[in-house]
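S.K.: First to last, the sequence lines map onto chains A and C. So the first sequence is numbered by the numbering used here: it starts at 1 and just counts up by one. So the second sequence is numbered by the numbering used here: it starts at 1 and just counts up by one.
If you're looking for bench data, these hints aren't it; they were derived computationally from the structure. Just so it is clear, the structure is predicted and the values come from calculations on it, not from any experiment. Certain hints may be false.
Label-pair restraints from in silico Cβ distances [what the hints assert, rightly or not]:
{"id": "1", "chain 1": "C", "residue 1": "SER452", "chain 2": "A", "residue 2": "ALA86", "range": "33 to 41 Å"}
{"id": "2", "chain 1": "C", "residue 1": "PRO346", "chain 2": "A", "residue 2": "VAL103", "range": "45 to 53 Å"}
{"id": "3", "chain 1": "C", "residue 1": "GLU75", "chain 2": "A", "residue 2": "VAL238", "range": "39 to 47 Å"}
{"id": "4", "chain 1": "A", "residue 1": "VAL103", "chain 2": "C", "residue 2": "GLY396", "range": "58 to 66 Å"}
{"id": "5", "chain 1": "A", "residue 1": "THR4", "chain 2": "C", "residue 2": "LYS228", "range": "15 to 23 Å"}
{"id": "6", "chain 1": "A", "residue 1": "VAL238", "chain 2": "C", "residue 2": "ARG89", "range": "49 to 57 Å"}
{"id": "7", "chain 1": "A", "residue 1": "ALA86", "chain 2": "C", "residue 2": "ASP248", "range": "21 to 29 Å"}
{"id": "8", "chain 1": "C", "residue 1": "GLU114", "chain 2": "A", "residue 2": "HIS88", "range": "37 to 45 Å"}
{"id": "9", "chain 1": "A", "residue 1": "ALA270", "chain 2": "C", "residue 2": "PRO425", "range": "31 to 39 Å"}
{"id": "10", "chain 1": "C", "residue 1": "GLY396", "chain 2": "A", "residue 2": "ARG259", "range": "48 to 56 Å"}
{"id": "11", "chain 1": "A", "residue 1": "HIS88", "chain 2": "C", "residue 2": "LEU23", "range": "53 to 61 Å"}
{"id": "12", "chain 1": "C", "residue 1": "PRO165", "chain 2": "A", "residue 2": "VAL103", "range": "44 to 52 Å"}
Backbone N, C-alpha and C fix where the C-beta goes; we use that ideal spot for every residue, glycine too.
So you can see what is in the structure, the chains are spelled out below.
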Amino acid sequence: MQQTPCTIVKKERLIPGQTSKLVISCPHIAKKAQPGNFVILRVSAQGERIPLTIADADPEAGTITMVYLVMGKSTAHLETLEEGDALHDLCGPLGQATHIEQVGTVICVGGGTGIAAMHHIAKGHQRAGNHTVAIIGARSKNLLLFEHELKSFCDEVLIATDDGSYGHKGFVTQVLEERLKTDKTVKEVVAIGPVPMMEAVSKTTKPFGVKTTVSLNSIMVDGIGMCGACRVSVGGQVKFACVDGPEFDGHQVDFGELRQRLAAFKPQEALSFEAFKERHGK
Amino acid sequence: MEAYRECRCKAAEGKPVKKKKALAPRVPMPHQAPAERIKNFNEVALGYTSQLAMEEARRCLQCKKPACVEGCPVEVPIPQFIAHLAAGRIEDAYKTIKTTNSLPAICGRVCPQEVQCEGNCILLKKGQPIAIGRLERFVADEYLHRDACDLLADGAKETCPVIDPEKKVACIGSGPSSLTVAGYLASRGCKVTVFEALHELGGVLVYGIPEFRLPKNRIVHKEIHALKQLQVEFKVNAVAGKTFTVQDLFAQGFKAVFIGVGAGLPRFLNIPGENAIGVFSANEYLTRVNLGRAYDFPNYDTPIICGKHVTVYGGGNVAMDAARTALRLGAESVRIVYRRTVDAMPARHEEIEHAIEEGVIMECLAAPLEFTCNEHGHLKAVRLQRMELGEPDDSGRRSPRPIPGDTYELETDLAVIAVGTRSNPVMLDNEPLLTTNKWGYVQVDEATCETSIPNVFAGGDIVTGAATVILAAGAGRTAAKEMARRLGVDS
Numbered sequence: 001m002q003q004t005p006c007t008i009v010k011k012e013r014l015i016p017g018q019t020s021k022l023v024i025s026c027p028h029i030a031k032k033a034q035p036g037n038f039v040i041l042r043v044s045a046q047g048e049r050i051p052l053t054i055a056d057a058d059p060e061a062g063t064i065t066m067v068y069l070v071m072g073k074s075t076a077h078l079e080t081l082e083e084g085d086a087l088h089d090l091c092g093p094l095g096q097a098t099h100i101e102q103v104g105t106v107i108c109v110g111g112g113t114g115i116a117a118m119h120h121i122a123k124g125h126q127r128a129g130n131h132t133v134a135i136i137g138a139r140s141k142n143l144l145l146f147e148h149e150l151k152s153f154c155d156e157v158l159i160a161t162d163d164g165s166y167g168h169k170g171f172v173t174q175v176l177e178e179r180l181k182t183d184k185t186v187k188e189v190v191a192i193g194p195v196p197m198m199e200a201v202s203k204t205t206k207p208f209g210v211k212t213t214v215s216l217n218s219i220m221v222d223g224i225g226m227c228g229a230c231r232v233s234v235g236g237q238v239k240f241a242c243v244d245g246p247e248f249d250g251h252q253v254d255f256g257e258l259r260q261r262l263a264a265f266k267p268q269e270a271l272s273f274e275a276f277k278e279r280h281g282k
Numbered sequence: 001m002e003a004y005r006e007c008r009c010k011a012a013e014g015k016p017v018k019k020k021k022a023l024a025p026r027v028p029m030p031h032q033a034p035a036e037r038i039k040n041f042n043e044v045a046l047g048y049t050s051q052l053a054m055e056e057a058r059r060c061l062q063c064k065k066p067a068c069v070e071g072c073p074v075e076v077p078i079p080q081f082i083a084h085l086a087a088g089r090i091e092d093a094y095k096t097i098k099t100t101n102s103l104p105a106i107c108g109r110v111c112p113q114e115v116q117c118e119g120n121c122i123l124l125k126k127g128q129p130i131a132i133g134r135l136e137r138f139v140a141d142e143y144l145h146r147d148a149c150d151l152l153a154d155g156a157k158e159t160c161p162v163i164d165p166e167k168k169v170a171c172i173g174s175g176p177s178s179l180t181v182a183g184y185l186a187s188r189g190c191k192v193t194v195f196e197a198l199h200e201l202g203g204v205l206v207y208g209i210p211e212f213r214l215p216k217n218r219i220v221h222k223e224i225h226a227l228k229q230l231q232v233e234f235k236v237n238a239v240a241g242k243t244f245t246v247q248d249l250f251a252q253g254f255k256a257v258f259i260g261v262g263a264g265l266p267r268f269l270n271i272p273g274e275n276a277i278g279v280f281s282a283n284e285y286l287t288r289v290n291l292g293r294a295y296d297f298p299n300y301d302t303p304i305i306c307g308k309h310v311t312v313y314g315g316g317n318v319a320m321d322a323a324r325t326a327l328r329l330g331a332e333s334v335r336i337v338y339r340r341t342v343d344a345m346p347a348r349h350e351e352i353e354h355a356i357e358e359g360v361i362m363e364c365l366a367a368p369l370e371f372t373c374n375e376h377g378h379l380k381a382v383r384l385q386r387m388e389l390g391e392p393d394d395s396g397r398r399s400p401r402p403i404p405g406d407t408y409e410l411e412t413d414l415a416v417i418a419v420g421t422r423s424n425p426v427m428l429d430n431e432p433l434l435t436t437n438k439w440g441y442v443q444v445d446e447a448t449c450e451t452s453i454p455n456v457f458a459g460g461d462i463v464t465g466a467a468t469v470i471l472a473a474g475a476g477r478t479a480a481k482e483m484a485r486r487l488g489v490d491s
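Looking at chain A on its own, in the form it has when it is part of the complex (with noise of 0.2 Å):
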């Protein structure tokens, strides 16, 4: 348990000034971090709380790695920190895990950051057995995260990107769907990405009936089933993607409605930003 301050260990600007990734020591919750599982933290005594996908786990080393896109304050002021740095306050492993077993062939999706969350997923699916096809997607080719870990470990890996640039030109959606066509034996598909991502994805597996899984990326607070901030709805049902998930049937998911409740505090969030952008001469 957190006595021992999280100190970034190792700092990695895989796109700069865009996207990072951070490999943390906290031994407590490497020691128990599943695929799957997040965590929520704080930058600073006056930071608001918000959740990070554990991308990967060293529970030897006694590591998390977590990889995230400067998208607002919160994630820019994370930015500023450099090694040997710590985070105000790191809790975890939160969620429920991947529920992963052999069936056969699996596909996992990313996009975005996305793919680093989904790295972690696809690891546990090749460890139990499956036949694991990544398939990630970027706008172009200098902006795709994690090819050559996918590659160091999956049967297969997969590239499109939106400008031809590298790989298949388009998006991840039609290869899924090339290979949805001609391989039978796909058993489940994973996706992770931006929520339009997601929702394609779905689009494109639910003629076929396969088993579709989406991790959401809901706006949460506490992180363990307080409050209800991250409440989805799942077949009609109202689901806490902090305990319930965060990953759920992307079949069941309402989309549309997750899309906008992750706009809710738009307003806000820019003032803030922008606050912030002031004072650190940006």
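Got chain A; can you put chain C on it based on the hints?
M.R.: This is chain C only, laid out in the frame that chain A set:
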């Protein structure tokens, strides 16, 4: 009627009558004026001055068999502490309270005294009871104000117990029940460690009860600081069932475990539109404002929606807290929607009065049917069903029933659901050996508070469902006594 109140037969017979001294009313406590206080989050009730407190203390009759003590769930020796106070011995008064109550500055503020100690006061038969809560609060504040460190350090060798590192006890949760267990056992020489899931200590005292009723830095943190001086260790960001399990604790050498994790899972209304933007559980709304200090956004990062027309659903203390918070965040109108009438509200009378003084509108005999929103998913209105009171039921209460066809709409852009909580499964799902009842609360032996796992105790809302701070503290005290007995430390 007057004639029957007093026996006048002696006077009628022309015999001399001993004139009874009229009972003095209780000394009023200064408050911030309503118009002023709705513009800030400072404490509403300002507390007694020394002079006022001693004046009120002198009203106490010093009963030989004090009924007030029976009404107190932790059995504070009330006449004794009041006698010390009346004589100006603040430190003695404080130490007397502390023998049974770990959290006097908090209990003096948030207990429903009218149904506990003050409800039992003998003076209630002739007039107003002693303001026991206000006096307890005064003693605790005055003592903490005079700097607890100095007072504790003075003669520390006699008062501070020697901690036996072998007698390790874990408390899960840092709300009132756990803090009571920690205080009781630490003062008897046990090595207590408190594990808290959130980043700040105090449970509902910090995330639930607002600053204007219970100041965090000045009161809650000071009470916790007093426990730290007893060498209680606190670990935050530690989630039971996730970061660690009860088994892990025993493996780490803890001899006994107390579970005081509360009942934090919010209930919703289960009506259409409840996931609209602007509909919050009271837990989320209050956690953002209190724990996240969203009232000081953007100095603090946690955002909140400040509604113009706010509706709050429920009639308990949590509903009052949410409504009064919304006013302070600048709402134009705040309504408490309740399906019964004001006199049936479970909230403390004082809180209802304060809310009404501040301008909260009681929208009674109304039940929500549906929330409607605009094309961006933002809440804009609520449709309500008008209710009427039916015939008294078996319990003697007239239960509300809908008036067929009588519905109406209210404009609202912020709705707070305060209709109660349930047992939170995060910890319990990961402790399969822990027996729960059909509502998901932990089952305990009533006399000892021991659970189905030997040497694991539980108390507070995780056993009873949502109740009060002092009942949680009382359960903590019961468990702590048994834990102390088994550890061989009770004197």
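S.K.: Does each hint hold? Answer for all of them.
M.R.: Here's how the hints hold up against the structure:
In this structure, C/SER452 and A/ALA86 meet the distance hint of 33 to 41 Å, their C-beta atoms being roughly 40 Å apart. Against the hinted window of 45 to 53 Å, the Cβ-Cβ separation of C/PRO346 and A/VAL103 comes to about 51 Å, which satisfies the hint. For the hinted restraint 39 to 47 Å between C/GLU75 and A/VAL238, the CB-CB distance of approximately 43 Å keeps it satisfied. With their beta carbons about 60 Å apart, A/VAL103 and C/GLY396 fall inside the hinted range of 58 to 66 Å.
Checked against the given bound of 15 to 23 Å, the beta carbons of A/THR4 and C/LYS228, roughly 19 Å apart, stay inside it. With their beta carbons about 56 Å apart, A/VAL238 and C/ARG89 fall inside the hinted range of 49 to 57 Å. For A/ALA86 and C/ASP248, the Cβ-Cβ distance of about 24 Å falls inside the hinted range of 21 to 29 Å, so the restraint holds. The beta-carbon spacing between C/GLU114 and A/HIS88, approximately 41 Å, falls within the hinted interval of 37 to 45 Å.
Taking the beta carbon of each, A/ALA270 and C/PRO425 are about 36 Å apart, inside 31 to 39 Å as hinted. For C/GLY396 and A/ARG259, the hinted distance range of 48 to 56 Å is satisfied, since their beta carbons lie about 50 Å from each other. Hint check: A/HIS88 to C/LEU23, Cβ distance near 55 Å, so the stated range 53 to 61 Å holds. About 50 Å separates the C-beta atoms of C/PRO165 and A/VAL103, a value consistent with the hinted range of 44 to 52 Å.
In this structure, every one of the numbered hints holds.
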